[in-house]
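**Q** In order, the protein sequence lines correspond to chains A and B. If you count by numbering that gives the first Met the number 0, then the first sequence holds residues 0 to 301, one letter each, in order. If you count by numbering that gives the first Met the number 0, then the second sequence holds residues 0 to 301, one letter each, in order.
Hints were generated in silico from the structure; no laboratory data involved. Some clues are possibly wrong.
Intra- or inter-copy, both count: the list cannot distinguish identical chains.
Unchecked claim - Think about it this way: if two alpha-carbon atoms lie no more than 25 Å apart in a straight line, the pair counts; the simulated DSS-like pairs of lysine-lysine are:
(1) K116 with K187
(2) K61 with K286
(3) K286 with K57
(4) K204 with K187
(5) K132 with K61
(6) K78 with K61
Quantities reported herein were computed from a predicted structural model and do not represent experimental measurements.
Protein chains: 2
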Amino acid sequence: MNEVPQLIILGSIAVDDIETPFGKKDGLIGGSAVYAAYSARLFAPVGLVSIVGDDFSKDKWKLLNRKNIDISGIQVGGKTFHWQGYYEHDMNAAQTIVTDLNCLESFEPELPEGYRKAKFVFLGNTHPAQQMKFIEQLEAPEIIAVDTMNLWIKNTRDLLVQVIRRANIIVINEAEVRELFNTASIVKAAQELLALGPGYVIIKKGEHGALMFTEKSHFSAPGYPLETVKDPTGCGDCFGGGLMGYIAKAGEVTDAVLRRAIVYGSVCASYNAEDFGLGRILNIKKKDIEARYKEFREIRSF
Amino acid sequence: MNEVPQLIILGSIAVDDIETPFGKKDGLIGGSAVYAAYSARLFAPVGLVSIVGDDFSKDKWKLLNRKNIDISGIQVGGKTFHWQGYYEHDMNAAQTIVTDLNCLESFEPELPEGYRKAKFVFLGNTHPAQQMKFIEQLEAPEIIAVDTMNLWIKNTRDLLVQVIRRANIIVINEAEVRELFNTASIVKAAQELLALGPGYVIIKKGEHGALMFTEKSHFSAPGYPLETVKDPTGCGDCFGGGLMGYIAKAGEVTDAVLRRAIVYGSVCASYNAEDFGLGRILNIKKKDIEARYKEFREIRSF
Chain A
0 MNEVPQLIIL
10 GSIAVDDIET
20 PFGKKDGLIG
30 GSAVYAAYSA
40 RLFAPVGLVS
50 IVGDDFSKDK
60 WKLLNRKNID
70 ISGIQVGGKT
80 FHWQGYYEHD
90 MNAAQTIVTD
100 LNCLESFEPE
110 LPEGYRKAKF
120 VFLGNTHPAQ
130 QMKFIEQLEA
140 PEIIAVDTMN
150 LWIKNTRDLL
160 VQVIRRANII
170 VINEAEVREL
180 FNTASIVKAA
190 QELLALGPGY
200 VIIKKGEHGA
210 LMFTEKSHFS
220 APGYPLETVK
230 DPTGCGDCFG
240 GGLMGYIAKA
250 GEVTDAVLRR
260 AIVYGSVCAS
270 YNAEDFGLGR
280 ILNIKKKDIE
290 ARYKEFREIR
300 SF
Chain B
0 MNEVPQLIIL
10 GSIAVDDIET
20 PFGKKDGLIG
30 GSAVYAAYSA
40 RLFAPVGLVS
50 IVGDDFSKDK
60 WKLLNRKNID
70 ISGIQVGGKT
80 FHWQGYYEHD
90 MNAAQTIVTD
100 LNCLESFEPE
110 LPEGYRKAKF
120 VFLGNTHPAQ
130 QMKFIEQLEA
140 PEIIAVDTMN
150 LWIKNTRDLL
160 VQVIRRANII
170 VINEAEVREL
180 FNTASIVKAA
190 QELLALGPGY
200 VIIKKGEHGA
210 LMFTEKSHFS
220 APGYPLETVK
230 DPTGCGDCFG
240 GGLMGYIAKA
250 GEVTDAVLRR
260 AIVYGSVCAS
270 YNAEDFGLGR
280 ILNIKKKDIE
290 ARYKEFREIR
300 SF
């Protein structure tokens, strides 16, 4: 590593077996940190903090060790986290068959020395205890964004709320935010989140786009009209990664920057859904990102 | 009636008993034609084609006979259509308890002489046979917009498809369009609709806003972040009425006009949800419409 990456990402690295109405693929590299990093690296250099097992193959290491991704913060030991799941025709919710946490279960994030000065960090979806341990090692963070999932809302709600209190930006999906505050109203749930501390509450709605609530304003980003969603795995992580990658590149957080960041995150997520695993986002270039960003502008213009 | 109204609306007039988590109200005036007319009249003079029973009270007639609403096309006889339903905390779908079609069952629309020259018409949600009979009496329509519901998709699909073939604009909700073409993909369903003939396919998504598909473009209108939806009854009708009211006022149909019309329709629907029955839309003024239209712009800007 030559310099501190502009964005540090915490999250899982997984080996996934995925089935959707469009096919079945086993042994795909996945996990929240990986999808987020592949999106964020299109905007700024990123550093990954995560863990893989001794079984992690050379080919998979090669996939991680790409331009703009620093892997010096990845620990090794045990067996790699494994997830198996499927999607039915309504691709909004993954159905889990197997979750083997393996080495992820006892993972204690340890930031490389240079990472501790990071200004922009994305706490991808993982156990809130790991997110908190990560935060505690930061010396002077400017923007902390946090993502989560229903599992942590159900099992470790108090700890998750503590993490959210430390965050500037929370990224959460529609069903999760309703569950977190036991309400049908997204507007009310967003207000509860703002009351916890984050200045920016971002709610992911899959094909329906994304919303942002702040104390003063409301933003609604459109969804992208994909004819076929082949595999939605990792779309939420790509959204968060693209969002924080753009923010790290911008170097500041304002309402206008956040709005553009949300659309860039949506662009990354929309590409990711077009193929299994990393298949599509792997080959996306900056010019693809800009082309679809332009389409998003046209989609919502009136 | 002094002149031919700019927009003619076909649909039902009902007496509704409604229960939501925010209360219970009986004997409310409702029906697709009424909600559509109350929204459309904010943009242009409208004429109603519908039917009520002999039991329709003076107070209810007074509510119909408002500025910018011509009621000379309303037939009288039998007993008024009655609907009873409720909504649970997820306000997206109405649960029907009672549907007494009464006089609506044998209703045969008969257009007043002046209406036959109408250029802009909105076929609100009612039996496709009534929609077809209405179309056949038009001498030179320029824009026919049609709305429908799951009941007609299930029971009279072939007839409904014939009506859609005659329409320029179809307004349909998300669940309905999926059901109509038995697909989870809204994009595919929209393409099937375009193939039937309408140049503009508009899909209502409740709190998630609305989409428009044409052969050449895609538009996504945001939803309005209402903290409380008191009663969603009639929101779809208000959307269609506001949409066609604006188009009739504009006097032409272009991609740009349609986009603005969709946002105006969304504005009407968002107000309507704020109180039971016609409670809110009844008192909405043009300046309220413009104020919220401006908010929609801000919600969407990036």
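**Q** Classify it for me, K132 with K61: is the Cα-Cα distance of at most 25 Å met within a copy, between copies, both or neither?
**A** Neither: 28 Å inside a copy, 67 Å across copies.
**Q** Is it within, between, both or neither when you check K78 against K61 at 25 Å Cα-Cα?
**A** Answer is within: at 18 Å inside a copy they meet the 25 Å cutoff, but 75 Å across does not.
**Q** When no copy is named, should K61 and K286 be tagged within, between, both, or neither for a Cα gap of at most 25 Å?
**A** Result: close within a single copy only, 24 Å intra versus 61 Å inter.
**Q** Since the copies are identical, ignore which copy is meant and state whether K116 and K187 lie within 25 Å (CA to CA) inside a copy, between copies, both or neither.
**A** Neither, since 35 Å and 48 Å both go past 25 Å.
**Q** Checking K204 and K187: alpha-carbon separation at most 25 Å within a copy, between copies, both or neither?
**A** Cα proximity of K204 and K187: in one copy and across copies (16 Å, 20 Å).
**Q** Between K286 and K57, at a C-alpha cutoff of 25 Å, which is it: within one copy, between copies, both, or neither?
**A** This pair counts as neither: shortest intra-copy Cα distance 30 Å, inter-copy 65 Å.
The structure does not agree with the numbered hints 1, 3 and 5 stated previously, though it agrees with the rest.
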